[in-house]
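Novice: Take a look at the letters that make up each chain.
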Amino acid sequence: MEEFSLSVDSDKIATILWDIKSKSMNVLTQKGSQEFYDLIDKAVDDKEIKGIIVTSGKKDFAGGMDLSTLSNLRNTKVDNPSQEVFKFIMTMHNKLRKLEQAGMDPKTNKGGKPVAWACPGLSAGIGTEIGLACHKRFLANSPRAKVGLPEILVGLFPGAGGTTRLVRMLGAMAASPLLLEGKMLNPKAARAAGLVDEIVEPEKLLESAKKWILEADEDELVKAWDKKGYKMPGGNPYHPSGFMTFVGASAMVNSRTQGVYPAAKALLSVAYEGSLVPFDTALKIEARWFTHILGQENTSNMIRSLFLNKTALDKGATRPSQVPNQNVKKLGVLGAGMMGAGIAYVSASSGMDVVLIDQNQESVSKGMESITNILDQGIKRGKISNEKKESILGRITATEDYSLLRGSNLVVEAVFEDTQVKELATKKAQEYLDEGTVFATNTSTLPIGKLAEASISKAEFIGIHFFSPVHKMALVEIIKGKETGEKAVATALDFVKQIRKTPIVVNDARFFYANRCIIPYINEGVRMIGEGIEPALIENAARQLGMPVGPLQLIDETSIDLGVRIAKETKEALGNMYEGGATDEVLKILYDTGRLGKKSNAGFYSYNEKGKRLGIWEGLRDHWEPSKVQSDVSEVKNRLAMIQALEAVRAIEDGVLTDIREGDVGAILGWGCIPWAGGPLSWLDLIGAKEAVKICKSLESNHGSRFSPPYLLTDLINKNQTFYTRFPDGKTT
Amino acid sequence: MAEAFIYDSIRTPRGKGRKDGSLHEVTSVALSSCVLKEIEKRNELDTKEVCDVIWGNVTQVGEQGGCLARSAVLHAKWDESTPGLSVNRFCASGLEAVNLAANQTKGTGGAYVAGGVEMMSRIPMGSDGAAIAVDPTLTFESYFVPQGISADIIATKYNFSRNDVDLYAVESQKRAKNAWENGYFSKSVVPVTDVNGLEILSHDEFMRPNTDMQSLGSLKASFAEMGEVMPGFDNVAKLKYPELEKISHVHHAGNSSGIVDGAAGILVGTKEFGEKNSLKPRARILASEKVGTDPTIMLTGPVPATKKVLASAGMSIGDIDLFEVNEAFASVVLMFLEEFNVSHSKVNVNGGAIAMGHPLGATGTMILGTALEELERTGKSTALATLCVASGMGASTIIELV
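Chains as they are written, first to last, in the numbering used here: chain A, 1 to 733; chain B, 734 to 1135.
Calculated from the structure, these hints are not laboratory results.
Even for Gly, the Cβ is constructed at its ideal location relative to N, Cα and C.
Treat the hints with caution; some may be incorrect.
Distance windows between CB atoms, simulated [to be verified]: (1) B:894 with A:424: 54 to 62 Å; (2) A:227 with B:860: 22 to 30 Å; (3) A:277 with B:799: 21 to 29 Å; (4) A:362 with B:986: 44 to 52 Å; (5) A:68 with B:979: 39 to 47 Å.
Heads up, simulated DSS-like pairs for lysine-lysine below, C-alpha to C-alpha not over 27 Å straight-line [what the hints assert, rightly or not]: (6) B:973 with A:628; (7) A:637 with B:890; (8) A:330 with A:472; (9) A:612 with B:953; (10) B:1040 with A:628; (11) B:979 with A:612; (12) A:637 with B:1040; (13) A:598 with B:979.
Take the sequences, apply the hints, and build the full model.
Specialist: See below:
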């Protein structure tokens, strides 16, 4: 056996050890599950064996299911793949159930053997579900110990009994945050939530489990739901208090997911239907819903983008392979504003020495202050310790002195978004840098090629576009100028890997990739105001698309004056092709009346004096009276989705994007674009090129040529392809 | 096809639907039976003549479960050959019972007693469960929200302010007070008595005739918390009605229907039945209808149900002299007034459920009876009764004085 092994000690206690030799982290594969089942059979059936410990040979228990196993299973070329999936899941249920009952007589609940779960570190997904099937769960008191069921985050739900067991253990109310938010809990929180029973010092993990096995009372081996008179905590759905819980759960999940995440809904169905039947029937129901969800195309898309492709990008799928590792030990950051401070913070947190530079002491102190604030919030939430805070702060040198940049492996410039200011900073910094040091600019809109002109070497000059707030946003957009060399790309990628963010690498063109899509999205929303569409309809339609914020809220946050400036630049660049129209008119009126967005406490929304958003500004309806006959919500949604998706397609055509995986992963992580479908390109695949072009043509005739279907999209119809069948390895060039 | 006539219509007074309500001590079957016995007595009815007792009742569990209609027949010591049928169309159950009776009379003749009961103090509303509220295969795509939220969605969509709905509620109280003071319900209201014949309740005890704008103004909106905070039903409502930025929560205990106990019954039969038993028909049931509507806004049914029943009667809105639109929530009636542009002076002239209460399963029968008595009092000719119904339904009936 290569992934699981069994040993029996002198007390006749069997240990099932999970340790995949070829991997640093255990994940459950199809092969591994078979091995695990065989060992369950062996350990439970062997009368000599007195008790069982399930543990790991690694620092962690498991990272979860090997999601490629699931997608392979789903894509098995058989008549009815659902049948295969259902069978696979039911086998898992039966085996874990066998472990849970551990040889006891189901009528008398007698004769079982104790089963302990000993988790040395992290346990996610299936790892935790295995734990839940055991009788007693021991967790090592280690900083890396985290336990949870994060399946929902990739569009699934715990389908190996985790949903059914947790709901029966904790009740629907208490199980909800674990299942629906996919939170990973530290030992203290995991015990408080009832997910684990005992927290023990790491070196005593196995010893404690053994001790318990030797002393376990027969009653401890019987799960609550296997005992007579079991009642679900909080009541089942038709118990008066349970009724209210379930009414509320549906409402909360429906509004939080805007109805676009089928997994969350299916999870609730598992909880609801399962709680009305005996445990084994409930497992069967769980398997049916899991099979259903796995069969949804958008689930496969989510797994593909959020797990498989994200992981591939994280691991450097797009990195020039010849360049040796360019680990950054010392980082220079120019500009201690919000972005610069954020970059300094994430880099220092990842162990780099950081020199944070600004032009005067006041700006420098302000930058350090904001870093300290982030750290203090972390302490307040129990995420980091005081020592850690001090060591992070200790790695940052905040100064006005450019000469301290000496010896940096990489410099990221994040000064004011102005070509001249940036050029000055670049020149000043490069005086102190070794030859060949990669110099990056964090710009969101200025062309890299232009900024590179200020650099000593264009080959070493690159764009690294962070998203705000830096410490929360997972995406980094790396922009290659025409003359950017491979070493610069590799350095940027290695740096992004160090700070544990996900990179996409794009070519230099106006607004790169992210803003190329975000700006038209905002403008389309603004334009609708001018057309007399109900403001609330615009914002709600965007949310129903799964966008985290509507276009009007977004422009309020990024500021109206920036919007005006971008419109002006775009107009200059596009000339006759520019479709400004209502967008410009609306922006102009807000701009002229000083409603510049959140920063001026007035924009498309109204704010109170503390900056709290109150509601859509009533003046909008006075300036642009909503039409009597409103657009259908599906039309509004199509406009807001298509305007982004088409930009993604054009970005491929223009060579800005060279990999569709980056197009989808980047859009989801960068600005939350249609994540439930797996991103904008996956969304087009989901509805199909034919339908997409049909929508485009209708939008084009109603709203203008910006919706004209790009060649690539129509060509997919001609060749009967999707983006992911046309570019099977992701690469478009 | 035979015609269906109303021969009699009675109701109990409405008791507060609480543990200290006067009718709380009375069982559901006893209150039902009280109505049946009174109909029998007044009309010297040979109960063998009654083809069926069709009984509206919403929360059919516990003592209201197990086909309460049949139990009531037996409790009233009617002839055992008379069966019983319990029906549930939520708030319109009592009207639906009459409509079923009328349509069966028209189809196969005979006589029926149709009515309903709800002992809300004894069997709490909602205690029978409801898949539509908790089963995710229903809740998500039907965008389930509780009725109060739906009433507030109506107010938001139609721009009814808190002032509008409160004004309506004050007027309902005023009208009910006036009706009681002048004996407008005297023909139909029958006191509830105990086994000894001692009186338990003889008047609607829920009314607050002194209600004014000031007293209503102090009441907190009942559905704001569940809408805006936990669990946030407003967001569900906005999924269905994305043109709304927020839901304006205007309803509270004072402008929504009251929770009460009560029962009512109507004797329906053919012309021949009346002649045979020397009974004088009081009104003709011209038409009845039922509709399904969007379950989220839920309570808009009276509008399409009214249009539909007018169409089946071949009438127009102007042909109706009197309307009873159940005051489930003030916004429902205000919506009705706006949609049909009818004068408030023709609608709910003697008050309604906001003042007197809404015993779910009985209300439909009660408001039809109120309309009948008012037609007789004023000498007018036609009346239309309609109710909004949970899960997005509506029902309606048109009667004409004989």
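Novice: Could you run down the list of hints and mark each one as holding or not?
Specialist: These are the hints, each one checked on the structure:
The supplied range of 54 to 62 Å is met by residue 894 of chain B and residue 424 of chain A, whose beta-carbon atoms lie about 59 Å from each other. Here the CB-CB span from residue 227 of chain A to residue 860 of chain B is close to 28 Å, well matched to the stated 22 to 30 Å. With their beta carbons about 25 Å apart, residue 277 of chain A and residue 799 of chain B fall inside the hinted range of 21 to 29 Å. Taking 44 to 52 Å as the suggested C-beta distance range, the pair residue 362 of chain A and residue 986 of chain B does not conform, at roughly 58 Å.
The hint said 39 to 47 Å for the Cβ distance between residue 68 of chain A and residue 979 of chain B, and at roughly 45 Å that hint holds. Between residue 973 of chain B and residue 628 of chain A the alpha-carbon distance is near 19 Å, which keeps this suggested pair within the 27 Å criterion. Taken as a hint, the residue 637 of chain A and residue 890 of chain B pair is honoured in the structure, with Cα atoms around 22 Å apart against an allowance of 27 Å. The straight-line distance between the Cα atoms of residue 330 of chain A and residue 472 of chain A is roughly 22 Å, inside the 27 Å bound, and the hint therefore holds.
Taken as a hint, the residue 612 of chain A and residue 953 of chain B pair is honoured in the structure, with Cα atoms around 24 Å apart against an allowance of 27 Å. The straight-line distance between the Cα atoms of residue 1040 of chain B and residue 628 of chain A is roughly 24 Å, inside the 27 Å bound, and the hint therefore holds. With a CA separation close to 16 Å, the supplied pair residue 979 of chain B and residue 612 of chain A stays within the 27 Å bound. With a C-alpha separation of about 34 Å, the suggested pairing of residue 637 of chain A with residue 1040 of chain B is violated against the 27 Å cut-off.
About 20 Å separates the Cα atoms of residue 598 of chain A and residue 979 of chain B, which keeps this hinted pair within 27 Å; it holds.
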